[in-house]
Amino acid sequence: MIDVASPAAASAKRAGWWRGDGSEPVRRNLGLVGVLVLLYLVGALARPDIFLHGGRLWSNELTVLTQASSIGVITIGMTFVMISGGIDLSVGALLALASVWSTTVATQSYGPGVMILAALLVGAGSGLVNGILIAYGRMVPFIATLATMVAARGLAQKISGKLTQIVKVTSFNRIAEWRPLGIPLLVIIFVVVAVLAWVLLNRTTFGRRTVAIGGNAEAARLAGINIRRHTLLVYTLSGLCCGIAAVMVTAQATAGSSDHGNLYELNAIAAAIIGGTALTGGRGTIVGSVLGVLVFTQIYNLFIVKNLQTEYQQIAQGVIIVAAVLIQQFRVAALRRPVPPGA
Amino acid sequence: MSSDAAAAPRLAATELSKRFAGVQALRAVQLQAYGGEVMALLGENGAGKSTLLKILAGAHRPDSGTLSIDGERVSFSSPRDAHRAGVRIIYQEPEIIPHVSVAENIYVGALPARGHRFTRAALRARVVADLARYGFTSALDPDALGSELSPAQRQLVEILRALTESVRVIAFDEPTSSLSDTEVEVLFRLIRQLRDEGVAVIYVSHRMNEIFQISDRVTVLRDGALVGTVTTAETDEARLVRMMVGRDLTDMFVRERRPRPTGTPALTVRGLSNDDVHDIDLEVYGGEVLGIAGLVGAGRSELAHAIVGSTPVHAGEILVDGNPVRISGPRDAIRAGIGFAPEERKAQALLMQRSVRDNISLAILDRIRVARVVRRGEERAVAQRYTGQLRIRTPDIEQVVSSLSGGNQQKVVLARWLARRPRVLILDEPTRGVDVGAKAEIYAVINQLTADGIAVIVISSELPEILGLSDRIAVMQGGRVTGELDRSEATEERVLALAMAGDLTTDGATR
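Quick mapping for you: the protein sequence lines, in order, are chains A and B.
Counting in the working numbering, the first sequence runs from 23 upward without gaps.
Counting in the working numbering, the second sequence runs from 2 upward without gaps.
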């Protein structure tokens, strides 16, 4: 009908794998890798004794990865929530609640298996509560999770009596010590969660629907997606991630505490945003979020090895968030409107 | 006007070409605009008009080709360069600063100042003089705030902005789309005045009557290439449409007469009622197009939403192929074989930031998965097949939907439902905001669907479309079906009579 030979059928070639889902190319993530390289160079200047020494660098980087692992798992859960168009402010508090619940004297008496199970169930269960409030109570995610954040932290304090609950089950604490093939188990957990999350987001109908709901909820609904049920699952998933992270943090500290996971919600949101997840939903990648976490942790590590006060680290973190969001906005603007206004 | 046409062109474009992400937006376009003349620029969506304007505006650079003004080669690398050369583009929605006065808005780029001190009085005096000069003293208050302006006044501000510097070429991009008739008159007066002052005016519009009213010559683009330039007085609408589309449009709506199907209707609606629609009875047979006509607010879209369970229903029954189905949401409707492409494709149908593939596969995810994992080979194959079948013009199926033209976006929505292979497909305003060529293609798709035995319901505000497409027409008013017409008996007058039948709503009875 139209005499132009450019229908897509002509280019039946397979889309490049690197383009992934076709929206945000990996270019952005390569940028984050560039930032990591830059941070390494800064490290090499600041502490050449560590960063230019193979063995010490390896062990320093394993420390970075270990530190990144629990917040990383939380960030992955947060990424799903944000892609679906929501936000979960309760993650740090849920972590604390799961940590405290799994380390009460009673729970500890059942051994490490039950402790882990308790943490996962408390996390997922609290996430489910978030999901119910948001999907069926029609609450705004910000308000609903703000409420559960306050309530969960309070409940954790009530259960623990604000006391640190030492873990006496040594096999539980070994989670943080065990290093199969020289790599800390915590790092392995992080990697496994990230890989599973990647598959979930990019290869399953669950992931596609999450993206669809965040991108255009009305379109998703009219295309037959059960938005409420899906929203429920997304927040439960985030809660489950909090449970996993609770096990990791508790084993690292060899104690449960209502102070665990303090400000994790902010760190997770910041890392996800740095990684390219849109606050408005519909956009975000697991790889980006993981890289976002690594950037923050690497900066933190630089401050530690340089013996700088952590206040500076927080200032740096704020600056990075602003820079990342600004870059993202320019990108979006450039995508949407390739033309500046006439005036 | 044309007396000047023998002189050198004010603006000449030679062999302009521009390519975006796999789409050739302009191919070797030649264009001349003369001072003291209005040249209309005509073409379908995606024909290359906007790209051309953006090159003139300095917003895009051509891949090849040259621009010259009064015989002098120019090359714009920014809007600023274009302004300096005296080229101005007036866009549909000008940027207006809401909290400052009209006067300041006009001189925002060149505030008169004494030293560094900007003097409001001098500014105001100058704007008052400008307004008087162009006869707009009554149309625009120099002290009004930007936020108080109507779309027409915003355009005037933008035009006056342009006139603060010397203008040699001024282009209007569909200026009348949000203007009332009297405002259009004001605008046309200004355009004629500019023309008489020797400015070369380029006027982009879809509206044929305006083109015949205002222009001296018409340049037609199609698929990024120049079709030709004709003198307005020597052409007519049919010829221009032919140039735009490359063929006659007389057979655009053709739908061969077919006997009314018998047997069990594919979709039966009985006594459907909710807050917006009342006691609706409808039957649609496989292979049939049922048109739903009515004025805005008659409850047509609301009926579609009620049928697919997108809004709650109080009473009524829905049968697919004679079997009652329980529908409590769009998901149930889809499972029962009813597809629904809603009216607002951007707000209600498309994931604008996602790929063509993602958008096409959205409603069939449950069919192309194994243990919850999407079979991507099959997904790609489906997306590829329907992209080809519907001639969706995109470099490939990974292209982000927001970068496609309106017609192609609409085809992506259609492809989503075709891929689902529904028994009944409800299309709400399927050709709104779609250019002529894509319209014809969408009609062809609808015809093909019915040939395959699918029942199609088309909701449309365009009467010729409804009359041309439908086998039967149900007319709605006030949330009720006020009458049903067979194709053979339907005329615009009869449809309108039913659509405006005033008393039927008050007696509360079914028809």
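Hints are computed from structural coordinates only; laboratory data are not their basis.
Misleading hints may appear alongside valid ones.
[What the hints assert, rightly or not] Some chain A residues well away from chain B (every beta-carbon gap over 12 Å; in silico):
1) Ala-66
2) Ile-197
3) Thr-332
[Claimed, not checked] If you want a taste of the chain A side facing chain B, the calculated C-beta under 7 Å gives, among others:
4) Pro-70
5) Gly-133
6) Arg-225
7) Thr-226
8) Asn-238
9) Ala-239
10) Ala-245
11) Arg-305
Note that CB positions come from ideal geometry on N, CA and C, so glycine has one too.
With 7 Å as the cut and Cβ atoms as the points, is A:Asn-238 at the interface with chain B?
holds (5 Å)
Is it the case that A:Thr-332 keeps its Cβ farther than 12 Å from each residue Cβ in chain B?
At roughly 37 Å from the nearest Cβ of chain B, A:Thr-332 sits farther out than 12 Å, so the non-interface label holds.
A:Thr-226 as chain B interface residue, shortest Cβ-Cβ below 7 Å:
holds (5 Å)
Answer holds if the nearest beta-carbon of chain B is closer than 7 Å to that of A:Arg-225; otherwise answer violated.
With Cβ-Cβ at 5 Å, under 7 Å, it holds.
Hint A:Gly-133 vs chain B: min CB-CB distance below 7 Å?
Check failed: Cβ of A:Gly-133 comes no nearer than 33 Å to chain B, outside 7 Å.
Interface hint status, A:Pro-70 versus chain B (Cβ within 7 Å):
Status violated, d = 44 Å.
Against chain B, run the beta carbon of A:Arg-305 and see if the smallest gap drops under 7 Å.
Holds - the Cβ of A:Arg-305 comes within 7 Å of chain B, reaching about 6 Å at its closest.
Let me know if the C-beta of A:Ala-245 comes in closer than 7 Å to any C-beta of chain B, holds or violated.
Since the shortest Cβ distance to chain B is 4 Å, the answer is holds.
Would A:Ala-66 pass as off the interface with chain B, using Cβ distances and a cut of 12 Å?
holds (39 Å)
Given A:Ala-239 as an interface hint, is its Cβ closer than 7 Å to any Cβ of chain B?
violated (10 Å)
Verify that the Cβ of A:Ile-197 lies farther than 12 Å from every Cβ atom of chain B, and report whether the claim holds or is violated.
For A:Ile-197, whose nearest Cβ neighbour in chain B is about 29 Å away, the distance exceeds 12 Å, so it holds.
Checked against the numbered hints above, the structure violates hints 4, 5 and 9; every other hint is satisfied.
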